[in-house]
Amino acid sequence: MANRLAQFLMTKLGRAVFILSSTVLFCISILILESFADSRQVSAFDCSTKIHAMTANDNIVINTPQISIHLSLTFNDEKIYLDYFSEQPESSREHLSLKGQLRELEIGKLLYQLDLDITDAKFISDNSSFQSYLANEFNESKENLAVGNQVSVNVQVLEMDADNGFILVKFTPFSTLWACQLHE
Amino acid sequence: MQIGCCWFDDEQKELINQSNATKWQLNYNEYKVLSILAKHRGHVVPIESLSFPEEHDGYLHSLSLTEMEQLVENFQDYFGEAHRGLIELIADQGAILYSNVVVNRTSLLDSPTKVISKAHYILVILMTIIASYFVHSNLKDSGFRVPDFSAEFITPGGSLAKLYAYESEGSEDYHGDFISRSENALSELSKCDVMDWDSLLVSIARDNRTISVVLKKRDQDGLHFENIRVIKEDPQMTVVNQDWLKEVNICG
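Just so you know, the sequences run in chain order A and B. If you're matching positions, the first sequence starts at 1 in my numbering and goes up one per residue. If you're matching positions, the second sequence starts at 1001 in my numbering and goes up one per residue.
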């Protein structure tokens, strides 16, 4: 059998079949691997952080607690939803909603590259600290945080404890840590 | 004529394997083919040239490729395992009877340059390079990111906790300053009377003004954690002191 195969591969037709089938198999393997990698999803989670603004007055450091920020990452119909909102009564609550998809997953780094469109935004004033914080987090100007604009952000998983519903992620390039509660 | 360990008796149309004293009576086709190959020993004889008058009707008869493959397999069996390489069918060329045993070049496990063409060899190398690049591009800098600074500390109250600090990627702040600030934070944390947390994870953002702090503790109820974001007016401002640590609930 092996001899017959070897004999066949020595013929012109055999060589052509070998090259063609090898190329097709190789390309299919690469495509399957790429597709598998890019179809992995980030786990859905909720997080919340307290904000402390530190200012200096006559060499005295003043700590001013700010309104907490909540973050929620969810999925629906293969879309990723990122929602930020401030901890305020409904009427004065600031928020930023984004919808998008996973552009690429760097498996080695567990880094999810997200392309997101801003679908909703509400800031109470032009000098909103909530807006300033998010502008930094997305590495964008405050003016760009408007409905219809697109932003990109990377989410890197640093630690995960599924049994306790815990995930620690880092948003880059700004480099902020979020310890979050995984969804069931 | 001696062929390997076999004696080819041209008159009796026999092939005698002297190593195991086995005698093979050759049929008409076997005898004719072996006679022709023996006359051109060491040279490839085209299959078209291996034609001879039919035994019964005298018409010129050409052997098909299948018939030749069968004949060559028969001869290889007659010659025995040690000398089966003496006869070989070469695709698209013909058949050859070697003077000496040669390495069987039809094995797929032989050296690649003998079995496959240079084009195949280059193709395999190219595919290997592309596959290596693909694997490398997806797995470079693999693994969880490890903290740039980590240390354990014990508070005066006897609590043991860990501090992990991540330096910002692309920060203009230099590494020495980052270590100095981390050591300063560690020093202040070590002075806490009560430390309820098992570990503190700190990351300095790219603007050098925003600091993320994650507090973690594990008890019988499970894992508890808290996020704190510190936004400094001035990057050089030192904020970690005992009052502040108590104010933000890091120290008890």
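Hints are supplied without guarantee of correctness; some may be wrong.
Claimed, not checked - Over 10 Å on every C-beta distance to chain A, these chain B residues come out as not near it, computed from the model:
| hint | residue |
| --- | --- |
| 1 | V1045 |
| 2 | G1157 |
| 3 | E1169 |
| 4 | S1212 |
Claimed, not checked - Per the computed footprint, the stretches of chain A lying under chain B, defined by three or more beta-carbons under 8 Å from a beta-carbon of chain B, are:
| hint | stretch |
| --- | --- |
| 5 | 49–63 |
| 6 | 79–88 |
| 7 | 95–102 |
Unchecked claim - Calculated lysine-lysine pairs in the DSS-like style (CA-CA distance at most 27 Å, straight line):
| hint | chain 1 | residue 1 | chain 2 | residue 2 |
| --- | --- | --- | --- | --- |
| 8 | B | K1013 | B | K1023 |
| 9 | A | K122 | B | K1162 |
| 10 | B | K1118 | B | K1162 |
| 11 | A | K109 | A | K122 |
| 12 | B | K1118 | A | K50 |
| 13 | A | K50 | B | K1191 |
| 14 | A | K50 | B | K1023 |
Quick caveat, the hints were computed from the structure, so don't treat them as lab data. The beta-carbon is built from N, C-alpha and C at its ideal position, and this holds for glycine as well.
Original post:
Which of the numbered hints are not met once you compare them with the structure shown?
Top reply: As far as the earlier hints go, 3, 4, 6, 7, 9, 10, 11, 12 and 14 are violated by this structure, in ascending order.
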